[in-house]
Amino acid sequence: MKYTALTDVGKKRSLNEDAYIADGALFAVADGMGGHRAGEVASSMALEALAFALSKRAEDTLEELLEEAVKRANKTVHDKAVRDLDRRGMGTTLTVAVPKSGKLYIGHVGDSRLYRMRDGKLMQLTRDHSLVAQMVESGHLKPEEAEIHPQRSVITRAVGGDNDIKVDIIVEEMLPGDKFLLCTDGLNTMLSDEEIAEVLRDKKGLEEACRELVAWANDKGGNDNITVIMFENSKNSPGSINRLWRG
Numbered sequence: 016m017k018y019t020a021l022t023d024v025g026k027k028r029s030l031n032e033d034a035y036i037a038d039g040a041l042f043a044v045a046d047g048m049g050g051h052r053a054g055e056v057a058s059s060m061a062l063e064a065l066a067f068a069l070s071k072r073a074e075d076t077l078e079e080l081l082e083e084a085v086k087r088a089n090k091t092v093h094d095k096a097v098r099d100l101d102r103r104g105m106g107t108t109l110t111v112a113v114p115k116s117g118k119l120y121i122g123h124v125g126d127s128r129l130y131r132m133r134d135g136k137l138m139q140l141t142r143d144h145s146l147v148a149q150m151v152e153s154g155h156l157k158p159e160e161a162e163i164h165p166q167r168s169v170i171t172r173a174v175g176g177d178n179d180i181k182v183d184i185i186v187e188e189m190l191p192g193d194k195f196l197l198c199t200d201g202l203n204t205m206l207s208d209e210e211i212a213e214v215l216r217d218k219k220g221l222e223e224a225c226r227e228l229v230a231w232a233n234d235k236g237g238n239d240n241i242t243v244i245m246f247e248n249s250k251n252s253p254g255s256i257n258r259l260w261r262g
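In terms of my numbering, the sequence shown has 23 at position 8, counting the first letter as 1, and numbering is strictly consecutive.
You may find that some hints are simply not true.
Claimed, not checked - If you anchor each label on the Cβ, the simulated ranges turn out as follows: (1) 249 - 157: 36 to 46 Å; (2) 79 - 236: 16 to 26 Å; (3) 210 - 169: 20 to 30 Å; (4) 27 - 207: 31 to 41 Å.
Unchecked claim - DSBU-like, lysine-lysine: derived pairs with alpha carbons at most 30 Å apart: (5) 17 - 115; (6) 95 - 17; (7) 218 - 181; (8) 115 - 71; (9) 136 - 71.
Read the hints as simulated data drawn from the structure, not as lab findings. Glycine is no exception: its CB is placed at the ideal position from the N, C-alpha and C atoms.
Could you put together the complete structure from these sequences and hints?
As structure tokens, this is what we get:
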């Protein structure tokens, strides 16, 4: 499994409240929110709790394990926010991808995204949990209007927002040569899907593609923190997470 990751504070923020994990067996991005550095705390706590939960249990199916791990991350962040007045109201997005045995297992809460590039075509595999996404689905807003809507950053589901949470679990087949992009919204609010696809279609390495995506997002304003992870399903990739979730 080839992979690389890059995070950048952007042009308008003083703190980077994004966090990520990228180790070949587990890929995850978290985009924290909340004042007094709470967003930075929320995103880091969520990923630490997620990784710990995935390392401790093996009796469930991977779908069940992933859902439980995200819920554990949610409870960890929520409990901290309840106990600590300075962290009240903090939360984070969380999008997780685990490759195993030719499949990609995805857990998703919020509006960070996972894309797949296959045969030159870019597809968003996750669904944004956001106000504008709901408005588009209900027919009250056109997709192109959602991209410039003043409330496009308002999310409807976040890790830490409540004591329990609904987690989207998605399972996708991985084919040799498939490329995947995990990103926080600091990328996709600056670049359109077609602009992202343009970078990924070029015959460049993953690291160069990540650098180009971040640079382009910054050139177009860099309004938020930007985190990108890219990984490619190479022909000889075992796609195993046994070392993470063996009991």
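Structure-based check of all given hints:
no.	hint	in the structure
1	249 - 157: 36 to 46 Å	39 Å, holds
2	79 - 236: 16 to 26 Å	41 Å, violated
3	210 - 169: 20 to 30 Å	23 Å, holds
4	27 - 207: 31 to 41 Å	19 Å, violated
5	17 - 115	14 Å, holds
6	95 - 17	35 Å, violated
7	218 - 181	38 Å, violated
8	115 - 71	17 Å, holds
9	136 - 71	37 Å, violated
Going down the numbered hints, you'll see the structure goes against 2, 4, 6, 7 and 9, while the others check out.
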